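Between the sequences and the hints, there should be enough to build the whole structure, so can you do that?
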Amino acid sequence: EAQVTQNPRYLITVTGKKLTVTCSQNMNHEYMSWYRQDPGLGLRQIYYSMNVEVTDKGDVPEGYKVSRKEKRNFPLILESPSPNQTSLYFCASSSFRSGANVLTFGAGSRLTVL
Amino acid sequence: AQSVTQLGSHVSVSEGALVLLRCNYSSSVPPYLFWYVQYPNQGLQLLLKYTSAATLVKGINGFEAEFKKSETSFHLTKPSAHMSDAAEYFCAVSDRAGSARQLTFGSGTQLTVLP
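Chains C and V supply the protein sequences, listed in that same order.
If you count by our numbering, then the first sequence holds residues 1 to 114, one letter each, in order.
If you count by our numbering, then the second sequence holds residues 1001 to 1115, one letter each, in order.
Rather than coming from a laboratory, the hints here were simulated on the basis of the structure.
None of the values given here were measured: they were computed from a predicted structure.
Check the hints yourself; a few may be wrong.
[Said to hold, decoys possible] Covered by chain C, according to a simulated footprint, are these stretches of chain V (three or more residues, beta-carbon under 8 Å):
(1) 1028-1041
(2) 1044-1053
[To be verified] One-sided excerpt, in silico: chain C residues whose CB lies under 7 Å from chain V:
(3) G40
(4) L88
(5) F90
(6) S98
(7) F105
(8) G108
Here a beta-carbon is modelled for each residue, glycine too, at the ideal position from N, C-alpha and C.
This is the structure we're talking about:
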């Protein structure tokens, strides 16, 4: 089944404790992206990647890091989480051939930072 | 710069009634427009898209949307609501096809379907 898989789905952590949210897609998509969803704000893009080793900042990159060492994986790293990073996070991917703005989303990772 | 405004963060309709979710956009170039749906505890999935072909676009599950340039609108409709339509709906705009980096989402409209 074609899908984007995120882990963990739920996480409660404390301020300053580094964490990584993994994202993997099995569709050989070139494009991958991370969004955060907050009530009343819709989805805001954190980082995106056009292909392996090519990443760039989205609209709200502060406090986050990403890497794209393999085409299928695009982990989101919070080096020192803070309470304002409590949010619902989505990873998404797409193929340039079928239209890069037609995104396939993961099921989401709900993060709480205490 | 581009933006999307979804009028009404919450919409309630009775089962069998018309669904109308409003979306207005702002774009300096001809836009590409999308509706995504998010069912509870799931990621978003594409409902339909407008990419400068027919102005009336049909999507999955009986939904459709009409692009009206004069009104800068892309409202989503369904003639008869079903309980399974309860979800959050997001309108999105892109300034060109194939550019996910430029995809801007609205703040979402939560649709409740009453029995």
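Query raised in the report: What are the numbers of the hints that this structure violates, sorted from low to high?
Result: Violated hints (numbers, rising): 4, 6; every other hint is consistent with the structure.
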